[in-house]
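Number of protein chains: 4
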Amino acid sequence: MKNEKTVDIYAKSGMMFKNACPSWRSAEKRKAMIKVGIIGATGYAGAELVRLLQGHREARIVWYGSRSYIDKKYSEVYRNMFRIVEDVCRDDDLAQLAREADVIFTATPQGFLAGLLTEEILSRTKVVDLSADYRIKDVAVYEKWYGIEHKSPQFIPEAVYGLCEINRGQITDQTRLVANPGCYTTCSILTAYPLVKEGLIDPDTLIIDAKSGTSGAGRGAKVQNLFCEVNENIKAYGVATHRHTPEIEEQLGYARGSRVTVSFTPHLVPMNRGILVTEYARLTPKPDGSLPTPEEIRAVYEKYYGNELFIRLLEEGVCPETRWVEGSNYVDINFVVDERTGRVVLMGALDNLVKGAAGQAVQNMNLLFGLPEDEGLKLAPCFP
Amino acid sequence: MKNEKTVDIYAKSGMMFKNACPSWRSAEKRKAMIKVGIIGATGYAGAELVRLLQGHREARIVWYGSRSYIDKKYSEVYRNMFRIVEDVCRDDDLAQLAREADVIFTATPQGFLAGLLTEEILSRTKVVDLSADYRIKDVAVYEKWYGIEHKSPQFIPEAVYGLCEINRGQITDQTRLVANPGCYTTCSILTAYPLVKEGLIDPDTLIIDAKSGTSGAGRGAKVQNLFCEVNENIKAYGVATHRHTPEIEEQLGYARGSRVTVSFTPHLVPMNRGILVTEYARLTPKPDGSLPTPEEIRAVYEKYYGNELFIRLLEEGVCPETRWVEGSNYVDINFVVDERTGRVVLMGALDNLVKGAAGQAVQNMNLLFGLPEDEGLKLAPCFP
Amino acid sequence: MKNEKTVDIYAKSGMMFKNACPSWRSAEKRKAMIKVGIIGATGYAGAELVRLLQGHREARIVWYGSRSYIDKKYSEVYRNMFRIVEDVCRDDDLAQLAREADVIFTATPQGFLAGLLTEEILSRTKVVDLSADYRIKDVAVYEKWYGIEHKSPQFIPEAVYGLCEINRGQITDQTRLVANPGCYTTCSILTAYPLVKEGLIDPDTLIIDAKSGTSGAGRGAKVQNLFCEVNENIKAYGVATHRHTPEIEEQLGYARGSRVTVSFTPHLVPMNRGILVTEYARLTPKPDGSLPTPEEIRAVYEKYYGNELFIRLLEEGVCPETRWVEGSNYVDINFVVDERTGRVVLMGALDNLVKGAAGQAVQNMNLLFGLPEDEGLKLAPCFP
Amino acid sequence: MKNEKTVDIYAKSGMMFKNACPSWRSAEKRKAMIKVGIIGATGYAGAELVRLLQGHREARIVWYGSRSYIDKKYSEVYRNMFRIVEDVCRDDDLAQLAREADVIFTATPQGFLAGLLTEEILSRTKVVDLSADYRIKDVAVYEKWYGIEHKSPQFIPEAVYGLCEINRGQITDQTRLVANPGCYTTCSILTAYPLVKEGLIDPDTLIIDAKSGTSGAGRGAKVQNLFCEVNENIKAYGVATHRHTPEIEEQLGYARGSRVTVSFTPHLVPMNRGILVTEYARLTPKPDGSLPTPEEIRAVYEKYYGNELFIRLLEEGVCPETRWVEGSNYVDINFVVDERTGRVVLMGALDNLVKGAAGQAVQNMNLLFGLPEDEGLKLAPCFP
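Just so you know, the sequences run in chain order A, B, C and D. Residue numbers for the first sequence follow the numbering used here, beginning at 277 and rising by one. Residue numbers for the second sequence follow the numbering used here, beginning at 277 and rising by one. Residue numbers for the third sequence follow the numbering used here, beginning at 277 and rising by one. Residue numbers for the fourth sequence follow the numbering used here, beginning at 277 and rising by one.
No lab work stands behind these hints: they were computed from the structure. This one's a predicted model, so the numbers in the text were calculated from it and none came from an experiment. Since no wrong hints were added, every one of them can be taken at face value.
No copy is singled out in the list; a pair is fine if it fits within one copy or between any two copies.
In the EDC-like style, the derived pairs of lysine to aspartate or glutamate whose C-alpha atoms are separated by at most 16 angstroms in a straight line are:
1. Lys-348 / Glu-591
2. Lys-579 / Glu-474
3. Lys-562 / Asp-478
4. Lys-427 / Asp-414
5. Lys-348 / Asp-368
6. Lys-307 / Glu-334
7. Lys-427 / Glu-395
8. Lys-349 / Glu-591
9. Lys-473 / Glu-572
10. Lys-348 / Asp-367
11. Lys-562 / Glu-474
12. Lys-307 / Glu-376
13. Lys-307 / Asp-378
14. Lys-413 / Glu-526
15. Lys-349 / Glu-592
The whole structure should be built from the sequences, with the hints applied where relevant.
The structure is reproduced here in structure tokens:
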């Protein structure tokens, strides 16, 4: 049913000027909108949340949290938002924010939220955590890979792992805490999930070679992320030790029904945005000893993703490329069967700041509040 | 009054899926929308038109013209549009297109439209020409700088130079032909216009040093535009001979009220999008011999651009940067008075594919059809 | 007055001016130098040969072959060579060139040399072929992967595969034809060779995920290699079908002593130069069931590469990066043992135009003429 | 057998391995070489000194000064130098260094050297200062533009401004202190010098629009120099206030014979290396009222630069590009006369780390020690 309110909502749509020109919305409308607080609004993922939420018709940002820039106008830090966002940055006061916001996005370093989260906060507001604090169910695994003590493990059980296409059913208006998946993780899992789930590949042979643009490294002032250090270079890092590994293993383990161990190697690429994963796995022979055919593999992907709005299974022979998803919430996926080796090569591409962070966070928010899942996310990829 | 039709329009807003999911719009709605044809839809400017029009609530593309890719699916050429645009590319049949479309965008090489345009076409449809064919009123100047004969000079007088912020009043539902300004030109003129108009600078001392991203060079397969030739390089080109020079001079001449001669030098920068102009001019002393103050200059800019949606006069001391306008229809402008030299340095930045091409073309279309000027253009700049 | 010392200084000069100022060398000296002809001198690999040979004290270029630029000054095509190279480009007359040159480098498309090579040519001059024509011993394999008929298979048996660090002993003054290895191949093989040779890994589990800068795609004018298409993008290509695969398999097969089948996936990275390979393989358990230790693996690398001038086994924990080898003939190699998965991750980096093409070709020339192997190749990597 | 010739070969070696393999040089040879100390060896300019001096046959580095990395191996900071440089970084002890080195290069922040330089140091060693401390003769101008007090103005008079092509005659074995010019400055001055000197242009109309790669911003960890902030962006900065302005004005003032005031605007370009200047000036009419012809302008350039090894006056119609000088000590220069405006457009390109910093510093060292000016600088530009 489209009632007066709905009409109003859509009437004020579009990508921007909403906050800049509050008069565009009636007082009642603004009152009715979801009030969003962002902690870490001046990091790259936080800034992408700000950008995406300009185009969201049911949410408005009430708190631009940034410890580094308290009292500074947000648009002085991100000048693309000049004349669009008029607010100033505020401190990271989670307790106060819980009183003012319907949902809080925490785009913060590991351990930050775990150190501050309380029952009272969760009783007042929903939290979508873009850090890793509640992604891993086994706290010992978290503490081992992250090298820090988890300060509030009591909330881990209730946290839903917000990989929407897989766990959509668990993210409802009853959910209080969503652990938004990592960028590498989202791409790695979605690319392999149907084949693991259906047993077409042997997950213990799974090798994930991932490549990321530099925005994934954050906006911290580090020599290693200077232009001249990244440009004209490619390197692997965190080999055999990257923290997204256990997250991938846990989720693929659920798909398989038993523990999975994978090789995961991230690489830094001289570009701003984008993640590409190239995954290798041995195909599971069928009872007659033959390997699954490309058609059978495609059918499995279609079974799981055929109706997904944000997953595009590409046409045969087309390799995913990060440029084709830039700025959007899409994941592009395809595969090649290599009969010579008995392996299948899976490929997936997404924008690490959108589907790999802020876009998926908004998608989770939409689920939490019963909105259309694509609200604020109908973004055509921008090329070149 | 918000009638049923308006509601419908807005209800289907957003950036995409419109063409992909035609069922989202009722048959009546689709019928009522402006039918758009694009000639040159697979060039970079044409592709940006396609992207922008996905988010336009009153227009739908009925013709994806591309001589190079006839009968090929558009989304096979621009794979970002996979699952968004289902159409195939069609030939450049301007006459037939005039029967099917309410407005035609020609994103074509110089001379193309001039060679095909007829009274019959203009009697059936409106044309927004992204080439230079109708930008220059003096056909001799056109022929000298472009080195080709103009095949239909009879249409030059009626063509309106579509620099919206300056010529908005001339672009109405009576207009048949809009000459969409060049990318360098838009940036160069808008940056200097108020100061020339008000006589604050001596236009004959105006020097425009312009820098452009590589998408401005088009999608033609040329060695000079290969990645390895452009990357890690900057160069000037077309020094003292670039074809945007007379276009700038003509328009600034109108502002001044007499002929203007400028130096214009374009440079190629290793980035995809963006134009930055740095302009130098001698300040005109006031009657008392003193120079205009920064406050006075700012006031003049405010007078002309204070209410402009797409022109952002930056805060004092902030230099325009292309990254802050990328993907949007904004022009960011600022200036520095250099008392030592008696000159003012003007700076302007825009996205060459948006405000410098497709965005401005859509802005012109909106004016032609009496729509809100920002329809389909409420785009927050995307960074990083 | 040119005294002994002055002469000496210039005679032993560094990187350039040699050809530009021939008078710097005495007539006798120039006469005694190796006369080099290059076919394909205006491709990227050919141009790198030109650059490197400027600094070679025993060789001078007598023929800049370039069918596309016949009679054009070489320095008009590669303006970095202005005032350094005065010669004009000449046609691809292999027969005439064989009379004028002591050695010919062919940096040409696949099939070119195979179509022209004759006994007479080889009786007059040595040939270092940078194409794939004589790399693969089994002509059927060549014809299958390259999709063309091999026109002179009779020369395949005598061709030496010029991977200097492995086959150095076979490249002597008696050798007439050297098949210079491919760029991906050189990096892939050298990175894995000692472990395959010594049986520390199971080569049939070997997965090579390779990333290359764009100069590897050549200087042909193709849309897919335009700046805007490559910049801000990463993609895989030639998945399961890339032609360097059989070359890698053949050479690693020799090391192992039996056939090897590998997965090889190349990727295109937005940078000019550099190849990085990330290789995954299962470690072969020792008789007691334990895996080889990092120390044992390192010892094997040291055994093979400890005295190699151009292979740098990095310190523990340091990952190879392309920036650290750019412009040089180095291959940087390292590895990480992943006990969780029982796999080892091998990494290798080189400059695709130097060690991956022209540098190795010069290294082969040095071996062919009994010169110090590093003559003309003592190049410190250039960063940033 | 190592005969005289073999020894000779290695003694005159090329780019590297010298320090890595000291045994390659005889003890006497090493003893006789110029002992070089570098303060600031781990900045980009310092690192380029290290790279260039690997190929210098008469100098060896005895002190790698780096306060940030004391006791750390140099090759752990710059891994391109792994196996080439074995030394560790040392503190900035200028007094001790003066006892150990024949010449000190200071690649340090402004004010550093001025605060430490003493008569005793200068009595023991020569100093080539890559900072601005002794470039400007008028200490008041220095203090105004740099905003710091000059701690040792007594040494300013004796400092020679080391723009070799102009001041070569003043740099002798008697010189103790060389002020190495700035990167923008070298390019800006050399491009305009002959025309100013000969009065062909009016220097007060000179406008210098300069573009620099990002290595010019140094290796400091600043947000503004992160990859994602610089990539896909161009901006002006320091408009009307950049510190290289008075340096340009002073030197061009000497050429003209009277004070000169110029507009100078630097821009940051997303590339590692390279500076391009585009300069605009009004041509001085000849007595008969006509303007200087291109031939006359070219003749003036030839008069001053015709015999210069490192200045390449390009052929007519060819614009300088930074890619053609990368990695070399060249400055490429050309000009276009614009009769329409009565102006000439001058263009110059160099590598900011070579001719704009370390290369020119080595050139100055060569002059100080009576060596061939191009020793260690015979570097062919590296492309792509």
